[in-house]
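Asker: As you go down the protein sequences, you meet chains A and B in turn. Here the first sequence stands for residues 1 to 109, where the numbers follow the numbering used here. Here the second sequence stands for residues 1 to 1010, where the numbers follow the numbering used here.
Be aware that a few hints might be false.
[Stated by the list, open to error] Here are the computed lysine-lysine pairs in the BS3-like style, where the Cα-Cα straight-line distance is at most 25 angstroms:
| # | chain 1 | residue 1 | chain 2 | residue 2 |
| --- | --- | --- | --- | --- |
| 1 | A | Lys64 | A | Lys90 |
| 2 | A | Lys99 | B | Lys430 |
| 3 | B | Lys895 | A | Lys64 |
| 4 | B | Lys660 | B | Lys703 |
| 5 | B | Lys784 | B | Lys992 |
| 6 | B | Lys946 | B | Lys758 |
| 7 | B | Lys797 | B | Lys1007 |
| 8 | A | Lys27 | B | Lys758 |
| 9 | B | Lys660 | B | Lys780 |
| 10 | B | Lys386 | B | Lys28 |
| 11 | B | Lys680 | B | Lys195 |
| 12 | B | Lys680 | B | Lys660 |
| 13 | A | Lys64 | B | Lys195 |
| 14 | B | Lys814 | B | Lys797 |
| 15 | B | Lys896 | A | Lys27 |
| 16 | B | Lys195 | A | Lys12 |
| 17 | B | Lys814 | A | Lys64 |
| 18 | B | Lys492 | B | Lys686 |
| 19 | A | Lys49 | B | Lys784 |
| 20 | B | Lys946 | B | Lys703 |
| 21 | B | Lys758 | B | Lys660 |
| 22 | B | Lys7 | B | Lys324 |
| 23 | B | Lys700 | B | Lys618 |
| 24 | B | Lys324 | B | Lys28 |
| 25 | B | Lys814 | B | Lys780 |
| 26 | B | Lys797 | B | Lys703 |
| 27 | A | Lys27 | B | Lys28 |
| 28 | B | Lys946 | B | Lys902 |
| 29 | B | Lys227 | B | Lys195 |
| 30 | A | Lys27 | B | Lys686 |
Treat the hints as calculated values from the structure; they're not laboratory data. Keep in mind it's a predicted model, so treat the numbers as computed, not measured.
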Amino acid sequence: MLILECPYCGVKAEETELAAGGEAHLKRFGPGSSDEEFHDYLFMRENPKGVHFERWRHANGCGKWFHAARCTMTLEVFGTYSAQTTEPPKEIQDKISEKRPNWTWRDVK
Amino acid sequence: MSTRLAKNGRLIDRSKQIEFTFNGKRMKGYAGDTLASALLANDQMMVGRSFKYHRPRGLVAAGPEEPNALVGLGTGDRFEPNQRATTTELFSGLSAQSQNHWPSLDFDVLAINNKLGRFLTAGFYYKMFIHPRPLWKHVYEPIIRQSAGLGKAPDKELKDADTYEHFYFFADVLVIGGGVAGLQAAKVAAQSGAKVLLLEQHNYWGGRAPVDGGTIEGMEPGAWVEKTLEELRGMDNVTLRDRCMGAGVYDHGYALGYERLTDHAPGQGGPRHRLWRIRASQIVTATGAIERPLSFAGNDIPGVMLAASMRDYAVNWGVTPGQKVVVATNNDDAYRTAIAMHGAGVEVVRVLDTRDSGGGSLMEEVRALGIRVECGRAIAKVKGSKRVTGVAICAQNGEGGAQEEVEADAVAMSGGWSPVVHLWSHCGGKLIWDEAHANFRPDPERPPLGADGNGFVIAAGAANGAAGLADALHDAQTAGEAAANAAGFTPKVGDAPAAEAPEENAMEAVWLMPAKADIKLRMKTWLDYQNDVKVSDVQLAAREGFESVEHTKRYTTLGMATDQGKLSNINGLAILADSLGSEIPQVGTTTFRPPYHPISMGAIGGEARGEIFQPLRKTPMYDWHDSNGADWEPVGQWRRPFAYVRSGESLHDAVNREVKNTRDNLGLLDASTLGKLVVKGPDAGKFLDMMYTNMMSTLKPGKCRYGLMCSENGFLIDDGVVARIDEDTWLCHTTTGGAERIHGHMEEWLQTEWWDWKVYVANVTEQLAQVAVVGPNARKVLEKLNEKAGGGMDLSKEALPFMEWRDGEIGGFKARAYRISFSGELSYEIAVAASDGLAFWTALMEAGQEFGVMPYGTECLHILRAEKGFIMIGDETDGTVIPQDLGLNWALSKKKEDFLGKRAHSRSHMADPDRWQLVGLETVDGSVLPDGAYAVGNGVNANGQKNTIGRVTSTYYSSNLGRGIAMGLVKHGPSRMGEVIEFPGTDGKIYKAKIVDQVFYDKEGEKQNV
């Protein structure tokens, strides 16, 4: 199980405290959206071998949701950050670029 | 014969004799013996029969890599199958049984399979039993299950008599393996100030070094081990644990240790096994190496043993598997066995060295002892069945034409050494092929990576491919320094302890002996002893197209036994590579998965058994229920009374009594477990409009509304009554099992989607005790309580109408009363402070005596709601049901632009008129429908099964109606009222039920609104 640092309380948490919450930065589609948009929002998920952005919750801790940027292949963690953002912050993206120069994820480059 | 030697045995205490039994036969051993060494001392060479051919099998190894010596250990509630004799320390009264034979170890009926070996090749079962299909289930499978398999499962009625525990540990450096490399690495790391944990799987330290000889810092290795241990024990930052195996290495420095505390001393008290859950900054794997067998015909006959293991038995425990030994080798190390056996007084008949040029100084030493060494020679075939009787000798570079036969009763074989790379590989460490030593070893450039992207595992010593004592210690020194550094400490950089050992000549890779062995020999040449896989099987798999090593493994079962191929994998993939005309590194290894060696299920479970399997949540009235006949039902982590059983009553009687009494008089339900979430803030109304399918923002303070919650997929996830407390505050009731889940659901949306909305959610479930006061006399009992207290809140129909709530005092208790009903009766749900719960409940019970009060449990609750046709989350819903399926369209707001689930409800499948819909079901004969039964319609599906057209979701006996009642989801149900449909039961009966309205009782709802 990974160790992730909760960006809210600063605790380095592991399997006894964290709960996984799937892919980060989904854009919600509600009433008025097309079938395709809604389908993609509900079901289509990235499954990369490499850089990925995920939602986690410090469930048995401070209770806060946060985001983690990590490599699914090497388990390297590039950083954790607030859940209250619609895209990975620049400093996280820069850090990834340092280690994985040609990374892409969805339409983030 | 195998026997105890007159001398040797550094680990045994000859002054302490121990009695034990093997297959009921009394035997004697010494303190310090393993079961394996004690069996050898008693001339019990044969220890079991093989998996497939039921061939006699003996001890091959002396450690955890042993494939054959699996026994059933203990009796009754301490019986365990498949325990390794080599890792079982002998204790007084030990009782072991050999496995996989019938009727006895010596005479086995299924040994006939051995004669049929020609037909039982790889994939035999797949090919033979595929047709006709029905025969598999009824004939083949039962027979195969009876004859195959390893040990017997323990009696299912018995509970494990021992206890187990988990233990958490945090270390800067975890060193796994207490041989000389592990000790040195631990010492170097500890001297830097790092917190070090050192684990050793055996009950002795030092690994192979004390057996293999040489000198370290001028000392015998055994003395150096003692000295280093003393140093480590003197350091406060070092924790040492023997009998504790490193079982697995996982993400980001997580590791498991498996400590066997009382296996060697049953009855000592305390937990039997302890699972260490370790987080380490750096992990050093100093796990040594395992010797490989040589692949020659008859290499599985009892008496054939790994060369180093034979020497272990002689040196450590003073036993020998035979009196006339032939040694076969492709490297110098096996000469140590010749020297050790000779020194122990055992005749070494011949050393057969496959290398034309032979070995180095060790060979010279052997020759000097007068032992005959032949180079370029090999074993053509071992003679014997239950015991080695002789060896046919041939040229290694030939087809196996025997040139000579010698008498022998034991064979020592050495095919080279494979580093134990399991722990390195568990979490993604990669391997490289070392051509010179013909083995895979850790690639230091590609270690398992931690959170920071740097490696967190370092292999040391023989586990890292270091050959020889000096190299291993030097490697360990470097590993200890690197680990300390990486963990943030500054190690003293120094020289490794100086070590001396004889120079060795290069080994020669030998994958088949002799190199061009014919098919007859190859069919008797074993790769995997435990799963009975031969060289010819792997070659057949390759011919049949199983080119990937992972496919070959599954097809032949090579390496799939409980030893996970510790001995067989490298030899097997070398044969596969040869058959494919490929190189070994290109074929690659199969995946190494934890645990390294089987660990007990008890250790994995730890303390979580019985009462403390999971946390138990109790309401404030728990003890009252318990002393008043509660038959408990688990609901999530809560326990709720299913019914209160009186003496002389069955559970069913109790339920029926409670159901009738609540409708006729007065019932009390402990509803404290219902989830209670306070949602507060300027945007709370807007937020709840998104959470619920109906409109909550328009609810007036003082009023209640029943609400539904859907997931974004549109499926029902929870329901409950919402009360508006004031302008900014709502209280949302959830289902008993839903409080934490729905709280989490709300937090998720608030934190991750609408984080700018000003709303707080607090789970106050446990702050409040809640009692449902239900029945025609409900108002009377509450008014009586108020009278006795000299006043209280007005509970009349006018002051507190249905679906409203008020704060006030009832019977002197500060209370909040909700006029809500899940039973269809006049009903008040009254919340008081949790600390008042029991007093309030007791006061109600006392005051209710004259009104016929009885407590009721969850089953009565279910029946009352089913009589009224109210849905229950988890019964009528299962994660695939939408409100429309349940006729709850009225609860779906048409005014709101958006709520969770709204968009999903307009997807084509959700709007499909063929979806099954909720109806009532009434059996034609009044009986009770089986729960979960499916209704069948006309025609059959693609599998020839009858088409299903519905299923039962709730079914009960209603004592009020004197008949079975049920609800179910039925295709086109609401438009088929009056139609009778059929539900085949699992009991073979066909139940006929009429489709009716789901409200069975008080259709107009008059009783609740009085």
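Asker: Hints first: check each against the structure and report whether it holds.
Answerer: Quick rundown of the hints versus the structure:
no.	hint	result
1	Lys64/A to Lys90/A	holds (22 angstroms)
2	Lys99/A to Lys430/B	holds (20 angstroms)
3	Lys895/B to Lys64/A	violated (33 angstroms)
4	Lys660/B to Lys703/B	violated (30 angstroms)
5	Lys784/B to Lys992/B	violated (48 angstroms)
6	Lys946/B to Lys758/B	violated (54 angstroms)
7	Lys797/B to Lys1007/B	holds (13 angstroms)
8	Lys27/A to Lys758/B	holds (21 angstroms)
9	Lys660/B to Lys780/B	holds (18 angstroms)
10	Lys386/B to Lys28/B	holds (22 angstroms)
11	Lys680/B to Lys195/B	violated (48 angstroms)
12	Lys680/B to Lys660/B	violated (40 angstroms)
13	Lys64/A to Lys195/B	violated (32 angstroms)
14	Lys814/B to Lys797/B	holds (20 angstroms)
15	Lys896/B to Lys27/A	holds (21 angstroms)
16	Lys195/B to Lys12/A	holds (19 angstroms)
17	Lys814/B to Lys64/A	violated (34 angstroms)
18	Lys492/B to Lys686/B	violated (64 angstroms)
19	Lys49/A to Lys784/B	violated (70 angstroms)
20	Lys946/B to Lys703/B	violated (49 angstroms)
21	Lys758/B to Lys660/B	violated (47 angstroms)
22	Lys7/B to Lys324/B	holds (17 angstroms)
23	Lys700/B to Lys618/B	violated (34 angstroms)
24	Lys324/B to Lys28/B	holds (24 angstroms)
25	Lys814/B to Lys780/B	holds (19 angstroms)
26	Lys797/B to Lys703/B	holds (14 angstroms)
27	Lys27/A to Lys28/B	violated (73 angstroms)
28	Lys946/B to Lys902/B	violated (34 angstroms)
29	Lys227/B to Lys195/B	holds (20 angstroms)
30	Lys27/A to Lys686/B	holds (20 angstroms)
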